[in-house]
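Model the full structure from these sequences, guided by the hints.
Number of protein chains: 2
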Amino acid sequence: MQNFELYNPVNYVFGKGQIEKLKNLVPENTKILIAYGGGSIFKNGVYDQVKAALSKSFKANHIVEFGGIEPNPRYETLMKAVAVIREEKIGFILAVGGGSVIDGVKFISAAVHYEGDAADILRKRILFKDVSQVIPFGTVLTLPATGSEMNSGAVVTIEATQEKLTLGGSALFPVFSIVDPTVITSLPKRQLQNGVIDAFTHVMEQYLTYPHDAMLQDRIAEGILQTLIEIGPDVVENPSDYKLASNFVWSATMALNGLIQKGVPSDWATHMIGHELTALYEIDHARTLAIIGPNLYRVMFDTKKEKLAQYGKRVWNLTGDSTEAIAEEAIEKTVAFFHTMGMKTKISENTDNYENTADFIVNRFEERGWKAMGEKQNITPEKVREIVEMSY
Amino acid sequence: MQNFELYNPVNYVFGKGQIEKLKNLVPENTKILIAYGGGSIFKNGVYDQVKAALSKSFKANHIVEFGGIEPNPRYETLMKAVAVIREEKIGFILAVGGGSVIDGVKFISAAVHYEGDAADILRKRILFKDVSQVIPFGTVLTLPATGSEMNSGAVVTIEATQEKLTLGGSALFPVFSIVDPTVITSLPKRQLQNGVIDAFTHVMEQYLTYPHDAMLQDRIAEGILQTLIEIGPDVVENPSDYKLASNFVWSATMALNGLIQKGVPSDWATHMIGHELTALYEIDHARTLAIIGPNLYRVMFDTKKEKLAQYGKRVWNLTGDSTEAIAEEAIEKTVAFFHTMGMKTKISENTDNYENTADFIVNRFEERGWKAMGEKQNITPEKVREIVEMSY
Chain A
16 MQNFELYNPV NYVFGKGQIE KLKNLVPENT KILIAYGGGS IFKNGVYDQV
66 KAALSKSFKA NHIVEFGGIE PNPRYETLMK AVAVIREEKI GFILAVGGGS
116 VIDGVKFISA AVHYEGDAAD ILRKRILFKD VSQVIPFGTV LTLPATGSEM
166 NSGAVVTIEA TQEKLTLGGS ALFPVFSIVD PTVITSLPKR QLQNGVIDAF
216 THVMEQYLTY PHDAMLQDRI AEGILQTLIE IGPDVVENPS DYKLASNFVW
266 SATMALNGLI QKGVPSDWAT HMIGHELTAL YEIDHARTLA IIGPNLYRVM
316 FDTKKEKLAQ YGKRVWNLTG DSTEAIAEEA IEKTVAFFHT MGMKTKISEN
366 TDNYENTADF IVNRFEERGW KAMGEKQNIT PEKVREIVEM SY
Chain B
16 MQNFELYNPV NYVFGKGQIE KLKNLVPENT KILIAYGGGS IFKNGVYDQV
66 KAALSKSFKA NHIVEFGGIE PNPRYETLMK AVAVIREEKI GFILAVGGGS
116 VIDGVKFISA AVHYEGDAAD ILRKRILFKD VSQVIPFGTV LTLPATGSEM
166 NSGAVVTIEA TQEKLTLGGS ALFPVFSIVD PTVITSLPKR QLQNGVIDAF
216 THVMEQYLTY PHDAMLQDRI AEGILQTLIE IGPDVVENPS DYKLASNFVW
266 SATMALNGLI QKGVPSDWAT HMIGHELTAL YEIDHARTLA IIGPNLYRVM
316 FDTKKEKLAQ YGKRVWNLTG DSTEAIAEEA IEKTVAFFHT MGMKTKISEN
366 TDNYENTADF IVNRFEERGW KAMGEKQNIT PEKVREIVEM SY
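Protein chains in written order, with our numbering: chain A, 16 to 407; chain B, 16 to 407.
Errors might be hidden in some of the hints.
Pairs involving identical chains hold if they fit within one copy or between any two copies, as the list cannot separate such chains.
[To be verified] Within a straight-line C-alpha distance of at most 27 Å, the following computed BS3-like cross-link-like pairs (lysine-lysine) qualify:
| # | residue 1 | residue 2 |
| --- | --- | --- |
| 1 | K391 | K31 |
| 2 | K38 | K66 |
| 3 | K391 | K104 |
| 4 | K361 | K139 |
| 5 | K204 | K38 |
| 6 | K258 | K391 |
| 7 | K328 | K348 |
Source of the hints: derived by calculation from the structure; they are not laboratory data.
Here is the structure:
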């Protein structure tokens, strides 16, 4: 097992009716900013619940609101919130939304006290390790998928230059996150499907590499995959079923809260290629993962076949003596699961005029100087080309 | 799934050679107390590693030592450390040892600023939620088993009155814990066996109850059990095998760091009965669990048979249609595993003159006013009698 440090100070508050606890979780005598996205919180009742909980501890003039944080949150938008916080002397931010709103708030939190050009936080990958550098924040999750509610990373896009960049550091964990699984009841089926596949692929990126000594991490990763496979097809049909909803939401957090990555190699090339499909064709993030993942496993079969066979045996209960046969069947089982979850696993099913996709992506990676990706750093531009062309 | 709060701010630093990181983890400009037990740290080299790491940041006159914390740490001993801390104006405690030393340091941490009779911390079950109430502490683990390195609970015995009592609260998490799996190399085989069975039973107490909706928690619990079954027999023979050691030590932490208990019912009656066997006959804690656990499952069979069958299928790969038959076989598999791990699973194999054990334990529980235990509060004194007599 590789050496690791596990540090995750988020107070994670899970369950029905937990939004009411906001009144005890948000610090008193502080002016707070409620940050949100496109306004779905007004339709699903979460805004009203948040305001009702806060009204017990806060006077109305101690609460400022900032809406309009986009999916794939924009630096330009977030800097407007930074200006509001500086002007209004805000001491605490409450992110109410999904991964984009929470990611956006992480950037806002880091930018307020940053001296110099705040874009450097992203471009120079400044790490925030000291909580005195940032504005503390909590979250109320409304869309499970990204795990942002229980990790310290974020992705932000600079609109002007079309750069999608990351930030992070141990000071950027939420102080608390309230996760009420009943919030998924009002989500469109497409978003629920995306959430399941996004969480599933987060696990695969950290699990489907090569055999190693971290036995318990493998078991936990397999447990999350099994749970998502068991509940996925049903939860998108019956999101008001609390058993299904609660296991989905908790699995999505556990998929990317840092635990299963400790001590193990990880891949993340599916995400890196998928991001380009979103940039090119605006295909939903999760749907790009469903397209790329299985073809990446096929192209990198020699690297991954032992782990694919373990996955096939333990997660899909496949049997047999041939590592290769079980590994191949495991990929087919995965694709079939993605189809059950409403994914279209070819680029051509998601967009027209895709013929130059491989050229475009390979060029882009080469421009950035990326020589290789993946857990063995053997997913070269040529392999990327093969994966993308196989995905047409 | 039951509502839950998950909060665990321990900076858990795992792996080979990590003790060296002490120089960055212990706060500077603070006088520190190194607390330890019977002196095994002088034989296994951990003391020297700790002193070497600290010498890089601390002058010798900023380090005070306190040894002699017993297994089942005594209130009377710990109060001597409290006096040292008050006199020497210590600002940070470093616990170097196993669960007893770490539990003892949690009490010391809580008692220093406590006004009034410190025994009330235990007798009145005072919760410590505010870090300003306590002296911060870190740990260097030398004996895996209890999970104390990553939780906020402790057990302390008041010698004068023979009371074994608990304390806890979110302020009593270690600030950091350094867990180097190579420390187990020098442990006696008996302690390694005990550590595996202690960790295994910690999982069973939180898992082996009745079927519920927390699907992922079950999977994680089963993953820890499977890992301990896979490595247990070998790690006690080859503790210097890093693959075995690292999975054992990490599994022991995960068994009782709070994660698998979230959202689920738990039992803990095996521990409560087992504690009395230790008090009566000084049988090692883990060995009392190996005696009581299987007989508790037998006596409470009607309550636990569905979960026993799930455990049999998923952890032991048992097959068949009869819930009862699989459940029974699962108990036998568990006993056989305990025997493989060197446990003697009858009281009569561990002590002579045991005939009045059931009377004694049942009387003791009745004196305390305990009417029932277990996840369904149906382990009555009469059931306890049956379990203990079956264990003769």
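Numbers of unmet hints, in rising order:
Hints 3, 4, 5 not satisfied by this model.
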